[in-house]
Structure formats: C-alpha cells, structure tokens
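Between the sequences and the hints, there should be enough to build the whole structure, so can you do that?
Single-letter residue listing:
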Amino acid sequence: MSYLAVEDLSISFGGIRAVDHVSFDVEEGEVFAIIGPNGAGKTTLFNLVSGIYFPDGGSVRFAGRDITSLPAHRIAPLGLARTFQNIELFEHATVLQNLLIGRHVHRRSSALSHLLFLPAVRREELEHRRRVEDVIDLLELAHYREQRIANLPYGVRKVVEVGRALCLEPKLLLLDEPTAGLNPEESEDMGFWIEDINRDLGVTVVMVAHDMGLVSRVAGRVLALNEGRVIAEGSPADVQKNPAVVDAYLGAD
Amino acid sequence: MRFLFKTHYNQDIDHFKHGGDRFWYGLLLVLAAAAPAALGTFYLGELNLVMIYAIAGVGLMLLVGYTGQVSLGHAAFLAIGAYTHSLLLGAGLPFLLSIVAAVLVSALVGAGVGWIALRMTGIYLAIATLAFAMLTEQTISRAEWLTGGFRGLAVPQPSLFGMPLTQGWQRYYLTLALLVVTLFAALNILRSSTGRAMVAIRDSEISAESVGINLAVYKTFAFALSAGITGLAGALFAHRLGYLSPDAFTFLISLQLLLMVVVGGVGSMRGVIYGALFIGFLPQLLAIARDTLPPQIAQAPGLEPGIFGLILVLVILFEPQGIFGRWLKIKSYFQLFPLYRGATHRRQKTYLRTERLR
Ligand SMILES: Nc1ncnc2c1ncn2[C@@H]1O[C@H](COP(=O)(O)OP(=O)(O)O)[C@@H](O)[C@H]1O
Ligand SMILES: [Mg+2]
Chain L
1 MSYLAVEDLS
11 ISFGGIRAVD
21 HVSFDVEEGE
31 VFAIIGPNGA
41 GKTTLFNLVS
51 GIYFPDGGSV
61 RFAGRDITSL
71 PAHRIAPLGL
81 ARTFQNIELF
91 EHATVLQNLL
101 IGRHVHRRSS
111 ALSHLLFLPA
121 VRREELEHRR
131 RVEDVIDLLE
141 LAHYREQRIA
151 NLPYGVRKVV
161 EVGRALCLEP
171 KLLLLDEPTA
181 GLNPEESEDM
191 GFWIEDINRD
201 LGVTVVMVAH
211 DMGLVSRVAG
221 RVLALNEGRV
231 IAEGSPADVQ
241 KNPAVVDAYL
251 GAD
Chain W
1 MRFLFKTHYN
11 QDIDHFKHGG
21 DRFWYGLLLV
31 LAAAAPAALG
41 TFYLGELNLV
51 MIYAIAGVGL
61 MLLVGYTGQV
71 SLGHAAFLAI
81 GAYTHSLLLG
91 AGLPFLLSIV
101 AAVLVSALVG
111 AGVGWIALRM
121 TGIYLAIATL
131 AFAMLTEQTI
141 SRAEWLTGGF
151 RGLAVPQPSL
161 FGMPLTQGWQ
171 RYYLTLALLV
181 VTLFAALNIL
191 RSSTGRAMVA
201 IRDSEISAES
211 VGINLAVYKT
221 FAFALSAGIT
231 GLAGALFAHR
241 LGYLSPDAFT
251 FLISLQLLLM
261 VVVGGVGSMR
271 GVIYGALFIG
281 FLPQLLAIAR
291 DTLPPQIAQA
301 PGLEPGIFGL
311 ILVLVILFEP
321 QGIFGRWLKI
331 KSYFQLFPLY
341 RGATHRRQKT
351 YLRTERLR
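Top to bottom, those sequences are chains L and W.
Counting from 1, one number per residue, gives the positions in the first sequence under my numbering.
Counting from 1, one number per residue, gives the positions in the second sequence under my numbering.
Straight-line Cα separation of at most 20 Å, EDC-like style, residue types lysine to aspartate or glutamate; simulated pairs: (1) W:K6 / L:E127; (2) W:K6 / W:D21; (3) W:K331 / L:E146; (4) W:K329 / L:E146; (5) W:K6 / L:E146; (6) W:K17 / L:E146; (7) L:K241 / L:D211.
Computed footprint of chain L on chain W, listed as stretches where at least three residues anywhere in the stretch have a Cβ under 8 Å from a Cβ of chain L: (8) 8-17; (9) 187-196; (10) 210-224.
Read the hints as simulated data drawn from the structure, not as lab findings.
We put the beta carbon where it would ideally sit given N, CA and C, even for glycine.
Right, here's the structure in full:
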C-alpha cells in the first residue's frame, strides 16, 4: 500500500469535470511533482486530497487510512499540511503568530485552562515557540518575525506559508506552485528548502509546479494532468518528452 | 525610540512586556481605585457605566475584532444576563452565584446562536443576529409571567457576603474588579492556541481549516464566550438600571456596543476601553449638541441612531483602526520626530486575489 494512494478521483463543477478519474500513488519519502497547463485541475486535486472539497467519486488513502470523506480539520492532525497557490495567510497577524497557529494540531490544553493561563499552558506555549523558532531558523525568517503579513513582500509570504505548514510537523506536505511569482533567486532558495525539508526532515512532498527546471532538480517522479485527466506519469525527463504533454502545453498557449 | 532586548520567550508571552508597561498600567489601576475619593456621585456613576460598557465591549471585541464574526444583536445577551441575574437574585440565590449563572445562561444561548449561524458570514450574520435580538426583545415583553413584560421587573439590591452594596462606590469597585478579571481572562485566551484559532478564522477560514482548526467548534465557542462576557455586563447593568423592561435593550444598544468596538479600534483590547469612554460620554455630548441645534433637528426622531450610524461609517472609512490606531500613529509621530513621514503607516502593496496567478 502506498503512502498516499489516490484512486479514480473525480469532481465536477457545473458541467466542467475539473478532476476526471485521476489515480496515482506517492511513496513515503519521495518528492512527487504534478504538472499541467492552467485549468488542468491541479489545485482542485489538492483541494480534494486535503479535504477542502469532497469528490463525486473515487478515494484517497493516506498512511493506510481512508481520508476521502474527512474534512480538512480532521486530515491535518494525521500529518498532512499544505500551502495555497494564492497564498492564504493570516493577513493581520504577525509572522510569529502565523507560525504559532500552524502548531494548532499539537495543542494539549483546553480552552478553560487558557482562560486562567495555568502554568501548564505557559509550558506548552514555550514548547510551541521553540518549535516555531526552529522553522524560523530553517527558512531564515528571523528578520520578519514580528512583522504583519500585510506588510510583507510577496516572496516572503510564500516562504512564511511553507513555514506555517512545517509547524504542523507534517509527514506529507502539499505545495501548490511554491515558486510561482518568485524571482530566480527566490525560486532557487525555495528549491533548496524543498530538498532540505524532504531529506533532513524526512517529509514526503507533493508539489504542483510549472518550472520544469525545479521539477527536474527536486522531483523523483512527475504526473502530468490536462483537462482533469492524467496524460503522463514517470521520471521528469520522460514526462517532459511525452508528446501528449508537449501538446497540452503548446495547445494551452 | 525604545529598543527592547529580549532574552526569553516568556517576554513575548507575558501581558506586560517591560517595566514601563507595568508602571503605567499600575498607575492606571491606582487612579481607577482612587476615583471614588475624587469624583462626585454623578461622575462615579458614569464611570461605573463606562466600565460596564467596557466589559460588554471585551465580549463583543473577542467576537468581532478577533474572530471576525459581526453581531448586531449583542443587546440580547446584555438582556439575558440582566434578566437571569435579577430573577435568580429575586429567587434568593446569593449574588455571586447568580452572576455566574447569568454568565452561563448567556453563554449557552450564545453558543446556540453561534451554532445556528455557523454558515453565515458578513452582512447575513449581522442580519441574523439582529433578528435574534428582536426575537429576544419580543420574548421578554411577551413572557409577562416571568419578566413582567413592559410593566417591568424590579432588580433586587445586590449584596456581597451579607453586606448590602447600596453605595455608588461599592458598585464601582465591584465593576472595576470584574472588568479587570474579564480583561485578564480575555487576554489569556488571546495569548493561547484558542485565541490564535479565533484570529485564524477571522483572517482565512480555508487556511484555518487546513491547519486543523475546527471552524464549527471555535466559532460556536467564540459566540459563547462573547455572549457570556456580555451577559456579565448585563448583570451589572441591571443594578445600574434598577428596573428592567424590554425597551432598555433595543437595537440602539446593540448599535452602541458595535460602535464602541469599531471606534475604539477593531482587534485591540485597549481600544475597548477607549471605545467605552467614547460611548459612555457620547450622550452628554449629544445633549450639549441638542441645545445648540435648531429644534426641528434636535427633536427629530431617530437622531441618536442616525448619529451613531454616521460615526460608524466615518470611522470605518477614515480610521479603520479606530482610536487605538490613531493613538499608535500619534505616538510614533513623537518617537520619530522630526523624521516622521506621511507614508509611514500606509499599508504596502497588498496582493488582491484577482491579481495573483490562478
Ligand atoms: N470552486 C470551483 N467552482 C467552479 N469551478 C472550479 C472551482 N474550482 C476549480 N474550478 C474549475 O476547475 C478547473 C480546474 O481548476 P484548477 O484546479 O484551479 O486548475 P489548475 O490548478 O490546474 O490551474 C478550472 O476550469 C476551474 O475553473
Ligand atoms: Mg492551480
């Protein structure tokens, strides 16, 4: 049984089949990339896996568990974290607060003990803070720690979102276009971080990307989608050469 | 400018970030404690009312300013707290128990409203809470056997451990103590994972869900907490009124509470205090204004809600961060003097959803 097993997944919006009988497997410890032109259904696929949408048909299994009908807030504690293509941060909070919110699944104390802020709550807060500082160190966010998201440049927001996902201490990380809109240096950094996250932290990564340079560098296997359907799967080099993939990209532009 | 050297994460957790904070808040508390000696009965009573508003404001701020759920019906929780407290006090329950019961009943009703309104946001939520407040008002006026309807309900004299609290200063201290307790409880919630979950829901529901926050649970909790605290204010408000009737808890009160939160500064507990001072002394200002206005305008029905609404709109348009935000700007003007530039507080480029890649 694969670590993440997506089987025959489908969803339609109105008349559009955004995801159409998609199946693929991701093994523990790999970096798996999903490519495809705009509107291919990549984001929708992530939304289905992470519990934002529920499929019309098919199933998703994660770490041996059927999560097809679990809502997002029940999936996150199982060790699945994600980022959003359109950056969904907590805009009016600071970077530190955003990262601390990412620790939500690791809370231990009750709301009642929070009212009184019992000593156990303080100990827990200090523990969260230490974990968050590790992420801040890894992603070099120390400079922005106290800043509100609303005041941050786009590139930093992208990094903060990855950081927030890491604060969940996930086993599987879904990254939706982590380098979209970044300049070449920022993209390069992001590539290194994805490698670090995968190798050093042992997190399995599934990422949507357009940048084939990045994909070839970090991903072991690639899945290509077009109009909701799988058109190719294999190593980055093979998929890139696949005529259906070439057609899909040329046809889209 | 002040540079704060941090040597321990505790410094970010503590309520008072440095010695200066401790000093100024301590001084404020001393001044508040000394007020009865300096103020006459009238102003002490007004200050008491301001603090009651502030307690309700803390409740509403948690919901509106920190969880992002608008309520135009908080007068209902004020009413539920006031009636529950008065009725239980009348039935012979000791004062403190009766207060606790008022808080719990309000919180329970709040949880119910929050749960029913789960799928609503923004203007729809505002309308739903408004409808709930009207329903509450109607229920109170119809249930004459319990509440006395429009004939009213006399509020029994409060007494603490057998000592009757008849003097203005006694009630003042009671309110002050409960305000301090409420503020600490609210700030404690805000510095823990529960408060952060509320903020998360305010800023992005989809992200909140994705980091494991159960929207239904936390929204319902926020409503319950907010309603409970407002119910506490209601119990104290009952003693201030002395005589309860449904028309003491109209839409105007709900609007006033919302005004307090917005004018003070959404997302700031200090803003609540500013806002409470503002709406506490607004009636006096309006009374003065009435004397100078031509009678056709001064006597016009709906003048007060009209003015409240106007202030609300103006603040939202021109100073969305309220008095608190204005204060921060004035403070940094003096700290940076003479280097302050107009653009210091302008928000940098924000990324609208529409201009990001799809
Ligand atoms: N919530 C939704 N409602 C209606 N249509 C949607 C929704 N989400 C996605 N779609 C449609 O599904 C298709 C796939 O979109 P998406 O998954 O965002 O593509 P990609 O991420 O590959 O660019 C598009 O045609 C899009 O318009
Ligand atoms: Mg997409």
